[in-house]
Amino acid sequence: MSKFSKKKSGELPAVSTASLPDIVFMLLFFFMTVTVMKDNSVKVENILPNASEIKKLEKKDRVITIFVGAPTKEYSRVFGTEPKIQLNDKFANPSDVGDFILMERAKKPQEVQNFLTTSLKVDKNANMGLISDIKQELRKVNALKVNYTTYEGDAFNNVQ
Amino acid sequence: MGRRAGAPEVNAGSMADIAFLLLIFFLVTTTIETDAGLDRMLPPIEPPENDVVIKQKNIFQVNINKNGQLLADGELIELKDLRGKAMAFLENNGDGSCTYCSLGKKDASSSDNPSKAIISLKNDRETKYGTYITVQNELVGAYNELRNRESERLYKRTFTSMELEYAKQETSASVKEELKDKITRIQEMFPQKLSEAETSSSN
Numbered sequence: 079m080s081k082f083s084k085k086k087s088g089e090l091p092a093v094s095t096a097s098l099p100d101i102v103f104m105l106l107f108f109f110m111t112v113t114v115m116k117d118n119s120v121k122v123e124n125i126l127p128n129a130s131e132i133k134k135l136e137k138k139d140r141v142i143t144i145f146v147g148a149p150t151k152e153y154s155r156v157f158g159t160e161p162k163i164q165l166n167d168k169f170a171n172p173s174d175v176g177d178f179i180l181m182e183r184a185k186k187p188q189e190v191q192n193f194l195t196t197s198l199k200v201d202k203n204a205n206m207g208l209i210s211d212i213k214q215e216l217r218k219v220n221a222l223k224v225n226y227t228t229y230e231g232d233a234f235n236n237v238q
Numbered sequence: 416m417g418r419r420a421g422a423p424e425v426n427a428g429s430m431a432d433i434a435f436l437l438l439i440f441f442l443v444t445t446t447i448e449t450d451a452g453l454d455r456m457l458p459p460i461e462p463p464e465n466d467v468v469i470k471q472k473n474i475f476q477v478n479i480n481k482n483g484q485l486l487a488d489g490e491l492i493e494l495k496d497l498r499g500k501a502m503a504f505l506e507n508n509g510d511g512s513c514t515y516c517s518l519g520k521k522d523a524s525s526s527d528n529p530s531k532a533i534i535s536l537k538n539d540r541e542t543k544y545g546t547y548i549t550v551q552n553e554l555v556g557a558y559n560e561l562r563n564r565e566s567e568r569l570y571k572r573t574f575t576s577m578e579l580e581y582a583k584q585e586t587s588a589s590v591k592e593e594l595k596d597k598i599t600r601i602q603e604m605f606p607q608k609l610s611e612a613e614t615s616s617s618n
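For the protein sequence lines, the chains are A and B, in the order given. Going by the working numbering, the letters in the first sequence line up with residues 79 to 238, in that order. Going by the working numbering, the letters in the second sequence line up with residues 416 to 618, in that order.
Keep in mind the hints are simulated off the structure, nothing from the lab. Among the hints, erroneous ones may be present.
Unchecked claim - With beta-carbon atoms standing in for the labels, derived distance ranges:
(1) B:ASP432 x A:THR113: 19 to 27 Å
(2) A:LYS186 x B:GLU541: 32 to 40 Å
(3) B:PRO458 x A:GLU160: 43 to 51 Å
(4) B:VAL443 x A:ALA92: 49 to 57 Å
(5) B:GLN607 x A:TYR229: 43 to 51 Å
(6) A:THR150 x B:ILE460: 30 to 38 Å
(7) B:ALA523 x A:GLU160: 43 to 51 Å
(8) A:LEU90 x B:THR575: 57 to 65 Å
(9) A:GLU152 x B:GLU490: 31 to 39 Å
(10) B:ALA582 x A:THR113: 17 to 25 Å
(11) A:LYS186 x B:SER517: 42 to 50 Å
(12) A:ASN118 x B:GLU541: 45 to 53 Å
(13) A:VAL219 x B:VAL443: 48 to 56 Å
What the hints assert, rightly or not - Derived lysine to any residue pairs resembling SDA-like cross-links, with alpha carbons at most 25 Å apart:
(14) A:LYS186 x B:MET456
(15) A:LYS121 x B:ALA451
(16) B:LYS583 x A:THR111
(17) A:LYS134 x B:ASP522
(18) B:LYS591 x B:THR575
(19) B:LYS608 x A:MET181
(20) A:LYS138 x A:GLU89
(21) A:LYS134 x B:ALA431
(22) A:LYS138 x A:ALA184
(23) A:LYS137 x A:MET181
(24) B:LYS608 x B:ALA451
(25) A:LYS186 x B:ASP450
(26) B:LYS500 x B:MET456
All C-beta atoms in this analysis are idealised placements derived from N, C-alpha and C, irrespective of residue type, glycine included.
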């Protein structure tokens, strides 16, 4: 009887909490490796269309992103409901795209400058007129590698 | 408790709080980026070379109007038929010069050879981007299907799997070299001549 500690009947041993942080650290490391820091908050509606014949954008440092879509609710009062271009946190016009590309290109290291891809993240309800203006501007600054960024899926879902 | 000799155990409960704080910080400030899409090359701005005569039958005209309706070579078709029509156009082999186009119908009003076949895409300013992407997807899909078929026949693997392996950073330089030769050969069999005309606005 003296070998057993004086336990009140019905009392369970305290659960050791030493391993709780380990579980949480595992989740934390997962998020640290899988995600990237958001550098722009997206101010436009941005539901990308689906496509099946896609290629992955491998190297993140060689990608310049342009968002296009209708402004979200909090901005639609000021900026309207027509689709707009967002460059790095600010709304812009098609004519600003050329300067933006040149600026971003100058920020990249020398070797990478000729291998840049422009990623167009366009909402599926945007109209093509705006897109063709952007493409015209891109051609003027010789940024010819373009990637229409989409989710992977059946492309026929875009039409419904 | 006289069981433990040494310092009493530090209460680890607050470690979990610190970890949760860090976790919530990362959850809020980071995103899992979508980073895949249709790769296209825009044509450079240059004076158009008008001295190359292109026969009308070698051009496959695709028009999308503002309601998303599709016109291929003058006839109204459904989106799901586009891939089949594009493939039939590309491998038509009108003059018999293509040795690998065994399924070509040799229709005299369609393309002569895959290397001369051009697909031209034109859309309206009011066309929805989603429709545009679907059409682009189907056209690229037509090229990929033909290329995959040839690649299966020649190298027992699909063209898209070769491209994927070539693009990955882990593959060694020697593997990339031989992949590059194979990829270039398949690309020359069905060169992707997809041009986009200026958009019009019709009212």
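Hint-by-hint comparison with the structure:
The beta-carbon spacing between ASP432 (chain B) and THR113 (chain A), approximately 22 Å, falls within the hinted interval of 19 to 27 Å. For the pair LYS186 (chain A) and GLU541 (chain B), the beta carbons lie near 36 Å from each other, so the given range of 32 to 40 Å is met. In this structure, PRO458 (chain B) and GLU160 (chain A) break the distance hint of 43 to 51 Å, their C-beta atoms being roughly 28 Å apart. Here the CB-CB span from VAL443 (chain B) to ALA92 (chain A) is close to 33 Å, at odds with the stated 49 to 57 Å.
For GLN607 (chain B) paired with TYR229 (chain A), a C-beta distance near 23 Å fails the hint of 43 to 51 Å. Between THR150 (chain A) and ILE460 (chain B) the CB atoms are about 34 Å apart, so this pair conforms to the stated range of 30 to 38 Å. In this structure, ALA523 (chain B) and GLU160 (chain A) meet the distance hint of 43 to 51 Å, their C-beta atoms being roughly 47 Å apart. Range check, LEU90 (chain A) to THR575 (chain B): Cβ separation about 58 Å, and the 57 to 65 Å hint holds.
Separation of GLU152 (chain A) from GLU490 (chain B) is about 46 Å and departs from the stated range, judged on CB atoms against 31 to 39 Å. Distance hint check for ALA582 (chain B) and THR113 (chain A): the Cβ-Cβ separation is about 22 Å, which falls inside the suggested range of 17 to 25 Å. A C-beta distance of roughly 47 Å is found between LYS186 (chain A) and SER517 (chain B), which places it inside the suggested range of 42 to 50 Å. In this structure the hint that ASN118 (chain A) and GLU541 (chain B) lie 45 to 53 Å apart at CB is violated, the actual value being about 28 Å.
Separated by about 35 Å at the C-beta atoms, VAL219 (chain A) and VAL443 (chain B) break the suggested range of 48 to 56 Å. At most 25 Å may separate the alpha-carbon atoms for a hinted pair to count; LYS186 (chain A) and MET456 (chain B) meet this at roughly 21 Å. Using a Cα cut-off of 25 Å, the hinted pair LYS121 (chain A) and ALA451 (chain B) holds, with the two alpha carbons roughly 21 Å apart. Between LYS583 (chain B) and THR111 (chain A) the alpha-carbon distance is near 19 Å, which keeps this suggested pair within the 25 Å criterion.
The straight-line distance between the Cα atoms of LYS134 (chain A) and ASP522 (chain B) is roughly 37 Å, outside the 25 Å bound, and the hint therefore fails. With a C-alpha separation of about 14 Å, the suggested pair LYS591 (chain B) and THR575 (chain B) falls inside the 25 Å cut-off, and the hint holds. A hinted pair counts as satisfied when its Cα atoms are at most 25 Å apart, and LYS608 (chain B) with MET181 (chain A) does not qualify at roughly 31 Å. Taking the CA atoms of LYS138 (chain A) and GLU89 (chain A), the gap is near 56 Å; set against the 25 Å cutoff, the hint is violated.
A C-alpha spacing of about 37 Å is found between LYS134 (chain A) and ALA431 (chain B), which places the hinted pair above 25 Å, so the restraint is violated. Proximity of LYS138 (chain A) to ALA184 (chain A) is assessed by CA-CA distance (about 16 Å); at most 25 Å being required, the pair is judged to hold. Restraint check for LYS137 (chain A) and MET181 (chain A): satisfied, since their Cα atoms lie roughly 19 Å apart, inside the 25 Å limit. Our distance criterion of 25 Å between C-alpha atoms is met by LYS608 (chain B) and ALA451 (chain B), whose separation comes to about 22 Å.
As the CA atoms of LYS186 (chain A) and ASP450 (chain B) are separated by approximately 19 Å, the hinted pair is consistent with the 25 Å bound. Taking the CA atoms of LYS500 (chain B) and MET456 (chain B), the gap is about 23 Å. The hint holds against a cut of 25 Å.
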